[in-house]
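K.L.:
Sequence:
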Amino acid sequence: MLRFRNRSLAAVFVLPLPLLAILQQAPITLAEVEDPLLHAEIAQLGLYPEIEGGFSDAVLLDVPLRSCSPLHAELGCDGITVRFTARASAARVELMNFQVLQDDSLLFIPKDAYIGLRDPRFCGFDEGLQLILPYCSALRSADGYRLYIHLQSGEGRETRVVTWVFDDGRYLFRVEDKALL
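Start counting the sequence shown at 1; every next residue gets the next number (our numbering).
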């Protein structure tokens, strides 16, 4: 049996990747998501089908967009509400607040998981300026346990896709990849 003088090292030594990511507060890439179910469900979001080269067979239920502007977005239905708020400065826009309410309970999201995310894109408009094109989404698994909040940030070659993963009301980790456009 291994013994550690510092018990915190013992915990880090044996934790699986999602829990280790929580402790480190560092985003991981989709390629680093080892759980096949999580990988398949995340691969359906936003630009991931283009990155991965196709769609997966996982079934996800959409949480519809309620309101959207360049600095705010809200999605919600069936006991889930997701709110994004950004702040604009002269140089850039930064994500400042991210809230998820599930069954009237505010879910804990570490600030490091979202503060400082630059140039979030909540929505855009089609060429006729009539149809809102969302760049953020919330989807839950068919069994209702997993929740995925997805957002694009940046534009052009600097576009990044970010997904926050929740399981049974707990924040697990953030997946972040550069979109290949």
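Source of the hints: derived by calculation from the structure; they are not laboratory data.
Source: prediction; values computed, not measured.
Any given hint could be a false lead.
What the hints assert, rightly or not - Using 20 Å as the maximum straight-line C-alpha spacing, the simulated SDA-like pairs for lysine to any residue come out as follows:
| # | residue 1 | residue 2 |
| --- | --- | --- |
| 1 | Lys178 | Ile115 |
| 2 | Lys178 | Leu65 |
| 3 | Lys111 | Arg160 |
| 4 | Lys111 | Glu176 |
| 5 | Lys111 | Phe125 |
| 6 | Lys111 | Pro27 |
| 7 | Lys178 | Val59 |
| 8 | Lys111 | Glu155 |
| 9 | Lys178 | Arg83 |
| 10 | Lys178 | Glu32 |
| 11 | Lys111 | Ala26 |
| 12 | Lys111 | Leu133 |
| 13 | Lys178 | Cys123 |
| 14 | Lys111 | Leu71 |
| 15 | Lys111 | Ala88 |
| 16 | Lys178 | Leu30 |
| 17 | Lys178 | Gly154 |
| 18 | Lys178 | Ala43 |
| 19 | Lys178 | Ile28 |
| 20 | Lys178 | Asp119 |
| 21 | Lys178 | Asp167 |
| 22 | Lys178 | Thr29 |
| 23 | Lys178 | Glu155 |
| 24 | Lys111 | Arg83 |
| 25 | Lys111 | Tyr171 |
| 26 | Lys178 | Glu127 |
| 27 | Lys111 | Ala43 |
| 28 | Lys111 | Gly169 |
Said to hold, decoys possible - Quick list of simulated restraints, FRET-style, between CB atoms:
| # | residue 1 | residue 2 | range |
| --- | --- | --- | --- |
| 29 | Lys111 | His72 | 13 to 23 Å |
| 30 | Pro36 | Phe108 | 23 to 33 Å |
| 31 | Glu32 | Phe108 | 19 to 29 Å |
Virtual Cβ for every residue (Gly too), placed ideally from N, Cα, C.
K.L.:
Take the hints in turn and mark each one as holding or not.
P.N.:
Verification of the supplied hints:
1. This hinted pair checks out: Lys178 and Ile115 have alpha carbons roughly 18 Å apart, not beyond 20 Å.
2. At most 20 Å may separate the alpha-carbon atoms for a hinted pair to count; Lys178 and Leu65 exceed this at roughly 24 Å.
3. At roughly 19 Å between alpha-carbon atoms, Lys111 and Arg160 fall within 20 Å of each other, so this suggested pair holds.
4. About 16 Å separates the Cα atoms of Lys111 and Glu176, which keeps this hinted pair within 20 Å; it holds.
5. For the proposed pair Lys111 and Phe125, the alpha carbon gap of about 30 Å is over 20 Å, so the pair is violated.
6. In summary, the hint linking Lys111 to Pro27 is supported, as the alpha carbons are separated by about 13 Å, within the 20 Å threshold.
7. Pair hint Lys178 plus Val59 does not hold up; C-alpha atoms about 24 Å apart against a cutoff of 20 Å.
8. Of the pairs offered as hints, the one joining Lys111 and Glu155 is violated, with about 24 Å between alpha carbons and a cut-off of 20 Å exceeded.
9. Restraint check for Lys178 and Arg83: not satisfied, since their Cα atoms lie roughly 23 Å apart, outside the 20 Å limit.
10. A C-alpha spacing of about 14 Å is found between Lys178 and Glu32, which places the hinted pair at or below 20 Å, so the restraint holds.
11. A hinted pair counts as satisfied when its Cα atoms are at most 20 Å apart, and Lys111 with Ala26 qualifies at roughly 12 Å.
12. Only pairs whose Cα atoms come within 20 Å are accepted, and Lys111 paired with Leu133 is rejected, the gap being roughly 27 Å.
13. For the hint pairing Lys178 with Cys123, the CA-to-CA distance comes to about 19 Å; that is within 20 Å, so the pair holds.
14. A threshold of 20 Å between alpha carbons decides the hint, and for Lys111 with Leu71 the separation of about 18 Å falls inside it, so the pair holds.
15. The suggested pairing of Lys111 with Ala88 holds, with an alpha-carbon distance near 18 Å, which does not exceed 20 Å.
16. With a C-alpha separation of about 10 Å, the suggested pair Lys178 and Leu30 falls inside the 20 Å cut-off, and the hint holds.
17. Taking the CA atoms of Lys178 and Gly154, the gap is about 10 Å. The hint holds against a cut of 20 Å.
18. As the CA atoms of Lys178 and Ala43 are separated by approximately 14 Å, the hinted pair is consistent with the 20 Å bound.
19. Straight-line distance between C-alpha atoms of Lys178 and Ile28 comes to about 12 Å, which keeps the hinted pair within the 20 Å bound.
20. Between the alpha carbons of Lys178 and Asp119 the distance comes to roughly 14 Å, so the proposed pair stays at or under 20 Å and holds.
21. As the CA atoms of Lys178 and Asp167 are separated by approximately 24 Å, the hinted pair breaks the 20 Å bound.
22. Annotation: proposed proximity of Lys178 to Thr29 holds, straight-line Cα distance about 9 Å (limit 20 Å).
23. For the given pair, Lys178 sits about 11 Å from Glu155 by alpha-carbon distance, which is consistent with the 20 Å threshold.
24. For the suggested pair Lys111 and Arg83, the alpha carbons sit about 14 Å apart, so the restraint of at most 20 Å is met.
25. A C-alpha spacing of about 12 Å is found between Lys111 and Tyr171, which places the hinted pair at or below 20 Å, so the restraint holds.
26. Between Lys178 and Glu127, the direct Cα distance comes to roughly 25 Å. Violation of the 20 Å bound is thereby established for this hinted pair.
27. Our distance criterion of 20 Å between C-alpha atoms is broken by Lys111 and Ala43, whose separation comes to about 25 Å.
28. Between Lys111 and Gly169 the CA atoms are separated by roughly 17 Å; this keeps the pair inside 20 Å, and the hint holds.
29. Checked against the hint of 13 to 23 Å, the pair Lys111 and His72 passes, with Cβ atoms roughly 18 Å apart.
30. For Pro36 and Phe108, the Cβ-Cβ distance of about 26 Å falls inside the hinted range of 23 to 33 Å, so the restraint holds.
31. Distance hint check for Glu32 and Phe108: the Cβ-Cβ separation is about 23 Å, which falls inside the suggested range of 19 to 29 Å.
Checked against the numbered hints listed earlier, the structure breaks hints 2, 5, 7, 8, 9, 12, 21, 26 and 27; every other hint is satisfied.
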